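Got chain A sorted already, so can you dock chains B, C and D onto it with the hints?
There are 4 protein chains.
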Amino acid sequence: MLAVDSSPFTKFLLVRQRSEEICKPLEAEDHVVQPIVDVSPPKWHLGHTTWFFEAFILQPLKSDYQVYDDTYAFVFNSYYEGKGARIIRTNRGNLTRPTVDEVLDYRHYVDEQMAALLEADPGPELLKLLALGLNHEQQHQELLLYDIKYILGTNPLFPAYREFRSYELQTSPEMKWLDIDEGLHMIGHENEGFSFDNEHGRHQVFLHGARIADRLVTNGEYLQFMADGGYTNYRHWLSDGWDWVNANQVRAPFHWHITDEGWMNYSLNGGLLPVDMNAPVQHVNYFEADAFAKWAGYRLPTEFEWEVACRSHGDAGVGNFFESNYLQTMVVGQSGHQFYGDVWEWTSSAYLPYPYYKAPEGAVGEYNGKFMVNQMVLRGGSYATPGDHIRATYRNFFQPQHRWLFSGVRLAAYQ
Amino acid sequence: MLAVDSSPFTKFLLVRQRSEEICKPLEAEDHVVQPIVDVSPPKWHLGHTTWFFEAFILQPLKSDYQVYDDTYAFVFNSYYEGKGARIIRTNRGNLTRPTVDEVLDYRHYVDEQMAALLEADPGPELLKLLALGLNHEQQHQELLLYDIKYILGTNPLFPAYREFRSYELQTSPEMKWLDIDEGLHMIGHENEGFSFDNEHGRHQVFLHGARIADRLVTNGEYLQFMADGGYTNYRHWLSDGWDWVNANQVRAPFHWHITDEGWMNYSLNGGLLPVDMNAPVQHVNYFEADAFAKWAGYRLPTEFEWEVACRSHGDAGVGNFFESNYLQTMVVGQSGHQFYGDVWEWTSSAYLPYPYYKAPEGAVGEYNGKFMVNQMVLRGGSYATPGDHIRATYRNFFQPQHRWLFSGVRLAAYQ
Amino acid sequence: MLAVDSSPFTKFLLVRQRSEEICKPLEAEDHVVQPIVDVSPPKWHLGHTTWFFEAFILQPLKSDYQVYDDTYAFVFNSYYEGKGARIIRTNRGNLTRPTVDEVLDYRHYVDEQMAALLEADPGPELLKLLALGLNHEQQHQELLLYDIKYILGTNPLFPAYREFRSYELQTSPEMKWLDIDEGLHMIGHENEGFSFDNEHGRHQVFLHGARIADRLVTNGEYLQFMADGGYTNYRHWLSDGWDWVNANQVRAPFHWHITDEGWMNYSLNGGLLPVDMNAPVQHVNYFEADAFAKWAGYRLPTEFEWEVACRSHGDAGVGNFFESNYLQTMVVGQSGHQFYGDVWEWTSSAYLPYPYYKAPEGAVGEYNGKFMVNQMVLRGGSYATPGDHIRATYRNFFQPQHRWLFSGVRLAAYQ
Amino acid sequence: MLAVDSSPFTKFLLVRQRSEEICKPLEAEDHVVQPIVDVSPPKWHLGHTTWFFEAFILQPLKSDYQVYDDTYAFVFNSYYEGKGARIIRTNRGNLTRPTVDEVLDYRHYVDEQMAALLEADPGPELLKLLALGLNHEQQHQELLLYDIKYILGTNPLFPAYREFRSYELQTSPEMKWLDIDEGLHMIGHENEGFSFDNEHGRHQVFLHGARIADRLVTNGEYLQFMADGGYTNYRHWLSDGWDWVNANQVRAPFHWHITDEGWMNYSLNGGLLPVDMNAPVQHVNYFEADAFAKWAGYRLPTEFEWEVACRSHGDAGVGNFFESNYLQTMVVGQSGHQFYGDVWEWTSSAYLPYPYYKAPEGAVGEYNGKFMVNQMVLRGGSYATPGDHIRATYRNFFQPQHRWLFSGVRLAAYQ
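These protein sequence lines map, in sequence, to chains A, B, C and D. Position one of the first sequence corresponds to residue 1 (the UniProt record's numbering), numbered consecutively onward. Position one of the second sequence corresponds to residue 1 (the UniProt record's numbering), numbered consecutively onward. Position one of the third sequence corresponds to residue 1 (the UniProt record's numbering), numbered consecutively onward. Position one of the fourth sequence corresponds to residue 1 (the UniProt record's numbering), numbered consecutively onward.
Please keep in mind that the hints were generated in silico from the structure rather than gathered at the bench. One should not assume that every hint holds.
The list makes no distinction among identical chains, and a pair is therefore deemed to hold if it is satisfied within one copy or across any two copies.
[To be verified] Straight-line Cα separation of at most 25 Å, DSS-like style, residue types lysine-lysine; simulated pairs:
(1) Lys370 <-> Lys294
(2) Lys83 <-> Lys294
(3) Lys358 <-> Lys176
(4) Lys294 <-> Lys358
(5) Lys294 <-> Lys176
(6) Lys62 <-> Lys11
(7) Lys358 <-> Lys370
Note that the structure is a prediction, hence the values are computed from the model and not measured.
In isolation and in its complexed conformation, chain A is listed as follows (with noise of 0.2 Å):
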């Protein structure tokens, strides 16, 4: 993990140079498609991470800053409807150009210039900017391998991103339940150290005695949904579930696929492998979450029941993360519950605004409040989360369709 006392200049650094490693095993090729809609090229997130310094920290901050080229702009903003005119979002995967190596220039350049800004003596606005540009450059960091897993992962040859790093096969331990206090509970960021935007306006919430579970539901489990015709009883799904499931005739969670062997699932860590029963379930989106859930006969918890268990139950700082390198779900021991790591997790909670939220004046409030509907919440960070990234106040949000991200399932219920 990155040390937590390294200089902003440092973190910079290494923040930075962890994009490129990422995109290191890739062809030149890989960087440029866009097979859906919700999927960017990954020069896309080179470029786009540092237009991002360049627009809202060198630009308005550095005097003499010289643009790097004007019509990048245009190519590299996301959404940002203050900073003008960009390509439509569909269009990323048809833009050859700039190519990979004239990104990778594109990013030295602002590098550089960016080190010259912080060298000198760094004021508390340009940190206050820097400390979320790197956290953006982080998230971005997640995507691109979502991205990566869905570009080789949906591709007929099946290429691996790198070798299999071998890991010890375990069991998954039986699940037991973990008591959440029915009562007042504290929700929300304290405002010590970074955090969004979107988990401010800390506030207190109510909670019915409830427990949770103290593991993520396993492929094993899935497994079982599945072959008790999960996919195909109405009863378990939400109306849009069911026609998403119709439409798409969706049997099984993404990446996995059935094979003369059985079950394999693509992997991140190896390529097409066969599915490790043990291991988390991923790549389900929130109707596939709730409709276990309810097969089950539990529920998913709420993003606040959740909040709540992970500063009680929680191991701050352990977790499968990025930085273990597995690049897959695990089977990990009690400590933590799993709550930091391995896949995000769907709560029953949609994304809406706190008591008190207010977006931030300017481009950067763009950055969370305006997606504030008919999305919903997910919590812990995955096994593609740096492990300073994460906490336990962190709201992730998708809409309730996506399973491309590293998603997955706990399951809770009330006392």
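The following block gives chains B, C and D in isolation, referenced to the frame of chain A:
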């Protein structure tokens, strides 16, 4: 209003009669079309509500019941997977048969059969299903009025649904704030009298101190938002809302038309008429309600704040309901603060299950629970809601993009 | 058949009357819907043919003419850019007003105005436009029958258009070949009597020696193609046709339904009835006609071969026309070889201008010429064509994917 | 130009080499994308042309042939139903693997295997298939240039394909008419040398006396059409064309951009440059070509008129071909009248089979015949066509809406 002490049989007759009365002013042709997928043909509503009694009461509970027509289940089932195959929803508007008269014959056959069943000693199971069937039909009566307004109001001839019924034009009183106390509040239905399953799971919610407007936002106030460029400034809008505005080039609420004489709106009460600037704004969707609130410097209330405020300040049974027979929004005095009637009020709450909620067994269980994703809660009823149909705990829900319903805005803020 | 020596005024009355007679068996509801974009609501046909007289004759030629309703041009213009804005075609089926009765009132008003104009001494310009207007209305009478059959025949209740009119079941005679001589042939209209502009440009065409079937392909023969896997073998199909088959999972002609009693088809003559295996196949599109011909080892005739053969072997004015009142395909004796009536016959000719063709000036010029791309020519008329409306030179045209028209197959080959 | 007397083996090597040379100026990234369904990734062309030799020659004819990679048939089959399953066309641009280098390895493997086969005594069957394979690859070389121009020319950075190769700017000579005699003419290929099956069925056609322009329409002439409101006057347009103009808000040929310095166009020869007003207009579709001709008071020639005129007035082998290495349209002197090279010329003829045409047996039979509907014929080749690939009888065909090809306009009229 329907007398509260009416016998089940009397109430059954009154409710059934009202559906037909709502369609009386229509031509046969008006009963047939489905101009958008959400708008069902009026004769489909007449048939579907009838099928509901046939499928959920007569077939299971009346031993000698003869199904009226075998093909009608296919034609009139809406979304009950447990009740077999049905015509795809987008095709409802292609069905010219059964004709209106044939549907009315079907209604009368089922009414007679229900009468025979109700005149015998009705058991508690029957009474429970009857209450559900009648509340279901009352919901469809409201939808009928939305859909009739859509069908006539988007016709280039702007035919009137009925002659204008005059009312006293009044000036809207200045908006004032009502307090909502910080602390724990009970939410949900007490289980006395009829309620829908989605109101169940009575539970405590902690609310932070807040205040809520004592009346609805008016057309005049909404026009200020429009005049201030509300529809062309992305800063007010959720991202999905901004996309919706631009894809549809929206510049005003639904049913508004700019003319040489200024803004007109199509009204069930008299057709195309000048907008009454003092009446509550209607036909705005969640995106518009939220954008207006942000532009005004406030926010929408949560459904919990709304319920608490309504219990404190609302006047149950008093409001501009269907029985008022205005069929439009009105300026009303401060009695009841418009919590009931006039327009459904968008809340900032996503439509999710309450704690302990569990969908009932059987096809009736498909009534509410399976829609609990990607919808927002509205509260309070409208000028098309029967006065005995609405409660402080009543949860209506629509997807955020819809605005053909009778929906409006009430503001809220933290203290 | 309409008497050939009838005065213009008599013919006007007869044609106008027939449109209303075609709609007589319909319920008001049947007049309203547009289940696919190509099927127009019957009341739209009644209004559009009336607007044609108003826009092209009464407004330009009757000095004191008062337009019946200013909004009707918007509602009833089909595609004449020169006649101003019009409702988008896909919205025709959303218009419940004007009602059927209002449209009939409009018809009668225009009929009276036309009568006044015609009773005065009509000049040649008026007579020319009158002939166009009447032929236009006859075309819409045929479309009316296609559309009525679509509307009733796709309704799950399969309502009959009229009671079955019995006819003598006959065995289809063995197919024989008729010769077409090699050499130069004159093609196109001689300009005696009425014709459409697309028949003009009489010109020579060189034909290689060929032969053409002396009757239409029957349902029984088409069933052999189906039984031989015709719909599942790509070898018979044009590429666009193969895509159409697979996208729509087509396995039989339109209006055919497999039942426990075998193949039934929906017929204007009596509703859902067993397929008459000796009658000509209908409701096949160009892709199906072409695939059948290839499967049979032959080909479709060109429109030039057809015209030459029809002139030699056809019997003008003899055939199974609208006036026969069968409203279905029939086995007919060898007189005339079915060139006229029964079903329109797909030719292998694309719909293109003849040499020297020039579209007329003005809005009338939009009648034919602007559709001369991506359509195929059909010849000969159908059982819905008035007997005095069809000629050997008459060119009908539809896009190759359509099959709700009354279209069938005649085979051809080289000598 | 390729020497006509080259041995099959030499020609094979030269053709295969050229495909790789065309892609030389590209970056790896440029080889991957499919910005519209019609534009295939350059590396797909490199692979598909190679698979063609593998599937149609090596596998059937080389007894010991080892397929290079089992998955490649799935990836590189274009539309041959007879050759098994293949990736859906819209997904070609999602495939990052095989990489460009891997595709080149595949090419070289197949080239070696082909060399071994050709060095042995090649029989007539092999030579026939070889000619087909080489002509097929030449067609894809031209498509490669269309697609490369699309990929680079729609990139906001407008990267140049190569440096500008200067040429002498000339004034276009005044257009004159060439006569086409009335009478019978032979059309189609004489069967000496290679030809495609769609040129077969040599037959007589009667042509009415006509005249045809002695050169192509220029950019300057097309600009007059634009300046005269050509794109905003429905009178010039086919109905489908008018819909296309309005749906896409078309105002100029493809690859044209209005700037402060006037009209620029993207060119393979040097990138974004001012439009040469004397050079032939290109990147217009059939709708535009037809509308221009009507506006000018003329028409497009039929493919038969074109072929007859080309035989009389064209100069086979002389023209602005690929080998000229201009990669753009040019003013050329009157020798040959530009019948060959520069741009493909839209004719008014639909792409239909000639008399006696019969598609060959086997998968090769899917090459041409199955596309004979809804396409228009183009004649004459372009600046991207190899000089030895084009003939007076050569029939190219595209759907009328396409304009990413190198297509232009020649006018015609009746005498």
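Evaluate Lys62 and Lys11 at a C-alpha cut-off of 25 Å and name the case that applies: within, between, both or neither. within (20 Å within a copy, 61 Å between copies)
Since the copies are identical, ignore which copy is meant and state whether Lys358 and Lys176 lie within 25 Å (CA to CA) inside a copy, between copies, both or neither. between (39 Å within a copy, 23 Å between copies)
Within a copy, between copies, both or neither: where do Lys370 and Lys294 come within 25 Å Cα-Cα? Cα proximity of Lys370 and Lys294: across copies only (11 Å, versus 31 Å in one copy).
Up to 25 Å between alpha-carbons, please classify Lys83 paired with Lys294: within, between, both or neither. Classified as between; 21 Å across copies, 44 Å inside a copy.
Is it within, between, both or neither when you check Lys358 against Lys370 at 25 Å Cα-Cα? within (11 Å within a copy, 32 Å between copies)
Since the copies are identical, ignore which copy is meant and state whether Lys294 and Lys176 lie within 25 Å (CA to CA) inside a copy, between copies, both or neither. Within one copy only: 18 Å inside, 45 Å across.
Under a CA distance limit of 25 Å, which applies to Lys294 and Lys358: within one copy, between copies, both, or neither? between (35 Å within a copy, 10 Å between copies)
Taken one by one, the earlier hints all hold for this structure without exception.
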